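Colleague: Listed here are the chains, written in short residue letters.
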Amino acid sequence: GQQLNQSPQSMFIQEGEDVSMNCTSSSIFNTWLWYKQDPGEGPVLLIALYKAGELTSNGRLTAQFGITRKDSFLNISASIPSDVGIYFCAGQLGDYKLSFGAGTTVTVRA
Amino acid sequence: DTGVSQDPRHKITKRGQNVTFRCDPISEHNRLYWYRQTLGQGPEFLTYFQNEAQLEKSRLLSDRFSAERPKGSFSTLEIQRTEQGDSAMYLCASSLVGGNWQFFGPGTRLTVL
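Protein sequence lines correspond, in order, to chains C and Z. Numbering-wise (the working numbering), the first sequence opens with residue 1 and increments by one. Numbering-wise (the working numbering), the second sequence opens with residue 1 and increments by one.
Since the hints were made in silico from the structure, they are not lab data. Just so it is clear, the structure is predicted and the values come from calculations on it, not from any experiment. Cβ coordinates follow ideal geometry from the N, Cα and C atoms, glycine included. Accuracy of the hints is not assured; some may be wrong.
Partial pick of chain C residues on the chain Z-facing surface, computed with a CB cut under 10 Å [unchecked claim]: (1) Tyr35; (2) Pro43; (3) Ala52; (4) Gly53; (5) Phe73; (6) Asp83; (7) Val84; (8) Ile86; (9) Phe88; (10) Cys89; (11) Gln92; (12) Gly103; (13) Thr107.
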């Protein structure tokens, strides 16, 4: 089963808002990755983090590797409609298997 | 297109039938992974190959499942005697050895009636 807990499970965004989500684990990981998945497609890699405390940006996305190595955060600034989708965190301890969370679903607020 | 490709994208089958899926990784990637994703969940690791060697299999991979990567390039995943519980999205990913960046294909959605 899943080792990682993502919150919130779902969120509504309004264009221009900043969005935050996080991922916690009972186990430590050496690498944290964040993926985005659109309906009917495979996950697309957004950001990878390699060191505890690391803060990395990719455009409007910023992610941090928690100091305890058991958590990570993803922030999206100034959201746009194409940010909707499901965001997954994934932890990696060795150099092959990824353990995924259940995802945070981002939807546009009507 | 130089990304990971999977075929077919959708498969509907009757319970008890055998199905086979194909994955073509990014050409220079020597590692290939299979994951399974059910509705509302993240992908779960099934197995992976380094070149043609299958190095690990998850407990999720029952005896009815078999994966091959005969020439170290494309891979196939076969499910024998399918059950309704096998209905899921089957995702393939590839990476370089020691690479944390796993690139996923679009997946094969299996529906078992």
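Colleague: Each hint: holds or not?
Modeller: Taking the hints in turn, this is what the structure says about them:
no., hint, result
1, Tyr35, "holds (8 Å)"
2, Pro43, "holds (5 Å)"
3, Ala52, "violated (15 Å)"
4, Gly53, "violated (17 Å)"
5, Phe73, "violated (17 Å)"
6, Asp83, "violated (19 Å)"
7, Val84, "violated (17 Å)"
8, Ile86, "holds (9 Å)"
9, Phe88, "holds (5 Å)"
10, Cys89, "holds (8 Å)"
11, Gln92, "holds (6 Å)"
12, Gly103, "holds (6 Å)"
13, Thr107, "violated (15 Å)"
Hint check: violations occur at hints 3, 4, 5, 6, 7 and 13; the rest are consistent with the structure.
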